[in-house]
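Visitor: What follows is the residue order along each chain.
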Amino acid sequence: MSGPSLMDSLFQRTLEDLIKGLRQQLIGEQAFISKALEEIRKEIKSTDLSTKSTALLKLCYLSNLHFHDMSFAAFHALEVLSSPRFSHKKIAYHAISLSFHDSTPVLLLITNHLRKDLTSTNEFEVSLSLQCLSRIANVDLARDLTPEVFTLLSSNKLYVRKRAVAVVLRVFEKYPDSVRVCFKRLVENLENYDPQILSAVVGVFSELACKDPRSYLPLAPEFYKILVDSKSNWISIKVLKIFAKIAPLEPRLANRVVEPICDLMRKTGAKSLLFECVRTVVTSFSEYESAVRLAVEKIREFLVDEDPNLKYLGLHALSIVASKHLWVVSENKEVVIKSLSDPDPNIKIESLRLVMAMVSEHNVAEISKVLVNYALKSDPLFCNEILGSILSTCSRNVYEIIVDFDWYVSLLSEMSRIPHCQMGEEIENQFIDIGLRVKDVRPELVRVARDLLIDPALLGNSFLHRVLSAAAWVSGEYVEFSRNPLELMEALLQPRTSLLPPSIMAIYIQSAFKLLVFCLHTCFVRGGSTAGVSASASYESFDDLSIENGADSTVAHGQTCTSAPITNESIVNLLKLVELALSPLLGSHDVEVQERARNLLGFVDLIKLEALNSSGQEENESERKGVEATKIIRLVHDAFSKELGPVSLTAQGKVPVPDGLTLNENLGDLETICGDIELPSSNTFSFGYPSEEKDVLSFSNLQIKEDSGQSNESTSLLAEHRKRHGLYYLPSGKSEVISNDYPPANDPALQGDNNDNASDLVKLTAESLVPKRKPNHSKPRPVVVKLDEVDEKPVAVKQLESRDDSLSGAVRDILFGSEDILPTSSRSNLPNSNRKGKKKQHMITQVESKENVVDDGNSSSRRRKDHSHGKERRHRKKNAEERNETDRKEKESSSNHPRRHKSRQRAEEPLKVPPQTSVIPDFLL
Amino acid sequence: MGIRFILMVNKQGQTRLAQYYEWLTLEERRALEGEIVRKCLARNEQQCSFVEHRNYKIVYRRYASLFFLVGVDNDENELAILEFIHLLVETMDRHFGNVCELDIMFHLEKAHFMLEEMVMNGSIVETSKANILSPIQLMDKAS
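Just so you know, the protein sequences line up as chains A and B, in that order. Letter by letter, the first sequence follows residues 1 to 925 of my numbering. Letter by letter, the second sequence follows residues 1 to 143 of my numbering.
Pairs of lysine-lysine, DSS-like flavour, derived with a Cα cap of 25 Å: (1) A:K211 to B:K57; (2) A:K116 to B:K141; (3) A:K377 to A:K338; (4) A:K211 to A:K174; (5) B:K141 to A:K157; (6) B:K11 to A:K20; (7) A:K116 to A:K174; (8) B:K11 to B:K110; (9) B:K57 to B:K39; (10) A:K157 to B:K129; (11) A:K377 to B:K39; (12) A:K642 to A:K439.
Residues from chain A that keep clear of chain B, each with C-beta distances beyond 12 Å, as calculated: (13) D229; (14) L249; (15) R266; (16) R293; (17) D404; (18) F405; (19) E425; (20) H589.
Using C-beta positions, here's what the derived DEER-type ranges look like: (21) B:D75 to A:Q422: 30 to 40 Å; (22) A:T47 to B:L133: 27 to 37 Å; (23) A:L109 to B:E28: 21 to 31 Å; (24) A:S155 to B:E27: 36 to 46 Å; (25) A:T47 to B:F106: 21 to 31 Å; (26) A:V139 to B:K11: 41 to 51 Å; (27) B:E35 to A:S155: 34 to 44 Å; (28) B:E27 to A:R598: 48 to 58 Å; (29) B:D75 to A:N666: 47 to 57 Å; (30) B:E45 to A:S155: 45 to 55 Å; (31) A:T151 to B:E45: 45 to 55 Å.
If you're looking for bench data, these hints aren't it; they were derived computationally from the structure. Ideal Cβ positions, reconstructed from N, Cα and C, are used throughout, including at glycine.
With the hints as extra help, turn the sequences into a complete structure.
Guide: Written out as structure tokens, the structure reads:
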């Protein structure tokens, strides 16, 4: 392809042509654009700068609005940049700011262009290049152009100086050492009375103070002056942001500042400033009672305002207050509750957060009731938002606020029946978690699980499948609490279980297995096959038995609840039912389902042959066979009756490494052996076998009473047991869609009476929010098993980024260093990251000497009021700098400390900051 | 940085101006704009102008057929940003005279320059209409 000819340039389409053309395309827009791009690619290679710049401009347009890559034009943009014509330059800078980023390869080539324009006499060129620098500066650019930016910081053209101030932020961020050069001048600009400069410089400081507030405490007097004097709302807002960050660090400062802020709050007519005052007070001055009261007054005005924006912000402010002053929320609860039915989903969510903030041990039941009612009539999105926040609030800190677990378990089941509920997975986890942790709730848990399992309508809702799987597991695991195991068995084997995904189906079958073993055990083992054994009697015997066998004795409690008698006939029926329900599953395509079905049917065959067929025939025969069957049943039952406890995720760490096991050995060949074994999906907790592991683990904080004595089960049964629970965490597969011919559970249309109107709800919550009202707990809170390691909130030790750190380190050095208190050890490592070595060092010294000259020139504009003091300090500072310089050179030549080590030293620097009293200016005292 | 990006989007959801103060790839931009437009354009006049998105907030306002969307950090003052949007519209109005979507389409780079006068590095540096417009007009004359 040859370059464009003169004709091409003459008839080049302008940007306007391009846009007009685009507007006329109704369908073939893509084709038009790709044609235009082709033209641009040709034109941009032109030697004529006008043609080139027009092409670049068009490319910018397409890139900005139509997402077309323009990285190919990076070099061309640089070519246009070198044009002497301002209009070309403008386009080039526009293109560069839009498209360049840290990994643009030609970024290195731009340094000289920028330097040239930064020193230009044309203020617009300077401004363009500053603007560009603020967008694309990387470490190298920031380092190399620091001197130019420094010079511009005191430019007498306001237009340029303002932009230089703004660009400093990016330069500091990318190259923290520039702080040493530019910071003083930046601070000087704080004293400028021109609102343009002030607004820029305050903006920079508010960003800087966000990252590391402590470093900027010494500048508090300047900020205070701006706060009191400022006429511009924009500036006031920014200064307030600074105070919100630095005031909490220094009580005397807060004392001083809180009054002006309240004044501002009373006087200002601008809502934005008012809101900023409110936010500042509630976030950073929450211990000043009167200020908070004033802020709350203003918040209330916001809350009752027609404008949804103000309402939203009012709620938002309330949620900030809520953490420290809950009374404020209770005072405004009516508005909050009413907002739950606001037309705006954002307001609804905000008020939901507030309602959740009000939840405590005493009112959790009432609030949950109200919210569940709300969830019933909300749209699916908000409904799940509500359910999610109930679930997370109630389970916080291992169910900290739940006293009545029976209630909570039934709440869980109620929530899972809400038609829009999509929180199945979370409910499932909590069902199992509670089952494992709270022993006292198990009878109720089994009852709730039974209600869920027995309802055929629920099987049609695929969101509920996870809940059902938990219910099935619970009813199998804690079957001894069941009132009527036979009924449960029917529920587990009902025909509609075919709607379940295979992984959950497998859990159903396994639970059926456990149920069956339990029934057989109750019926036979206790003492032959006496017909009409009252289950309660059998239950007690089971209890005794389990103690005899050394099985977990804590499982069973005196209270028995089984009511339906288990007779021989019922066992026969049971076995028939199992056979009937499971035979079709022998041909299942899912291996888990098929295998479990086979296991269970095999067991049934065994029992049937051994025990039932012979019953009623020859006495001796049946006795002999019965004994064998009893033995089998007892073995299997033992295997199942072992209790599972929660195991800490960090339990593995407590296992001592056995002698002769080298953990560091290369396991490379392991991959070839078990390459096709999939890792089990991880979960929040894992199951383990306390009694199996107790010889290696010290379960010091596990409150489960562990049984002693090994059980007598065979290893094959153990393996079976293991497999059974491993299965529980199989990833749930595809959900089959089968037409649902049952009416959906909990149809909102059928529940008109549930739709209490908002005022009722307000009343209800109003009652529930009265703190003095304490529910009379009929029973004490049950023990909740906790594992310290897992349940502790992970302490997020936030590591400061090294870059920020070095930035604040440098700032500290400037501000605190002027007092010359820092120990030399920490000072000496500050000016160290001169990545360019000697040359760079030279530059800094040059700049610094220049800076000193300037300082001497206008010492009247120092920020300190008393001259002598300031001067003295400055001299000291100068001395310190000189000493530093020599110090550093010595260090540099003598030691070769790796940089990493130094940066670590730097991270420790905050510790070496001198005591506050010395840096807080007298004015605060 | 207070302001992360400024978008102007028309009723049909087409981007008319996009200014980012942190680098995003084209793909990230496309995804982001798609999500935001879906979220904000679905809202009506009675709903508030603030939308939480990912880890920041979007403050938006509608003028005729054009939506002005500004993505800001969470602790940025929402009402101030609304005022900023209004200022931006007034400034453009003064410059173009009864500004409309077409003005911004045909003078995209000029709209960018105006924004650059007002915002640098994600923080607002200039709020006076005269101060914003005078360099623009001078630059027009110069070229």
